[in-house]
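Number of protein chains: 2
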Amino acid sequence: MTSAGYLVNHMARLFADELRKRIAPLGIVPGQFPALLVLWEKDGLTQKELLALLDIEQATLANTLTRMERDGLIVRREHPADARARTIHLSEKARAIRDSAYEAAKETNEEALSGLTDGERQSFLDCMSRTITALQEGGSS
Amino acid sequence: MTSAGYLVNHMARLFADELRKRIAPLGIVPGQFPALLVLWEKDGLTQKELLALLDIEQATLANTLTRMERDGLIVRREHPADARARTIHLSEKARAIRDSAYEAAKETNEEALSGLTDGERQSFLDCMSRTITALQEGGSS
DNA sequence: TAATATTATATAGCATGCTATGCAATTCGA
DNA sequence: TCGAATTGCATAGCATGCTATATAATATTA
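Residue numbers (this note's numbering), protein chains in the order written: chain A, 439 to 579; chain B, 439 to 579.
All clues given are correct.
Repeated chains share a single entry, so a pair holds when one copy, or any two copies, can fit it.
Below, simulated EDC-like cross-link-like pairs (lysine to aspartate or glutamate); rule was C-alpha separation at most 20 Å, straight line: (1) LYS531 x GLU507; (2) LYS459 x GLU495; (3) LYS459 x ASP509; (4) LYS544 x ASP556; (5) LYS459 x ASP493.
Since the hints were derived computationally from the structure, they do not count as laboratory data.
When you get a sec, could you build the whole thing from the sequences and use the hints?
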């Protein structure tokens, strides 16, 4: 159980669980975080525009947005020019938790990497980025 | 999108997808891999014994075993001494794909880490192990 | 030994992710 | 401009993981 794949899977679940506990009081869950990060920067995007900034599939985003709407984090309005599309807008609630959510994410990362030096953290993130690139290139060949 | 948590999640999905593609011809899926690794070493364990060797929850294992039985990878027999328990046995099919499965996992790891030197791979795995430890300790405090 | 507690496994319900497919609206080309 | 192709989003169905709870069997204890 010390292969890269096994460790990566285990680590990802622990990361998600830790974040989940920290953001639970805010009324959000880990799967909503990436979309929120984008929408906190720029509101009123269409699903397609939001999708282009995330690393998930369209169907996954569609389902996540449905849950975010159910949870009162976003509202979707009809697109002014295209009846197929809808624009996505954060609720006041979602805007209000922004700083706390950033803080929770920061604390999660800090806890996870607490045993690593700054240099190790740097090279760790670098290794992950390069691993991601390698796996993406393999698939698209 | 360069925080540790985001990268870890993304990397884990790419790893799983790559492995999924490589083992699909064998008739298994990534979630079955950890249980298979254990059962290839030692057959006839109970669910509880198997669980003790894996990093997943009991309910997750129970469902995985149900799917493995459905897929013809295992059979479960009544435990000779405890009517609550069942012993888990690999099918001939599962035994037959062992070497191919190991090879597929090895190739997945090799592809993922292809851009890293041996030294980098070593420290990468080490960082992951330490991160896992840090997150486990935090939760159990 | 009968009542209680514990244990082994299963199930319910949910989140997150995927592929495949459906559907309505828009765009393009003849 | 009309029919075909494309596009934007939703839905179906599944895997993998979780927590909480149910159930039956075993173990303990008063």
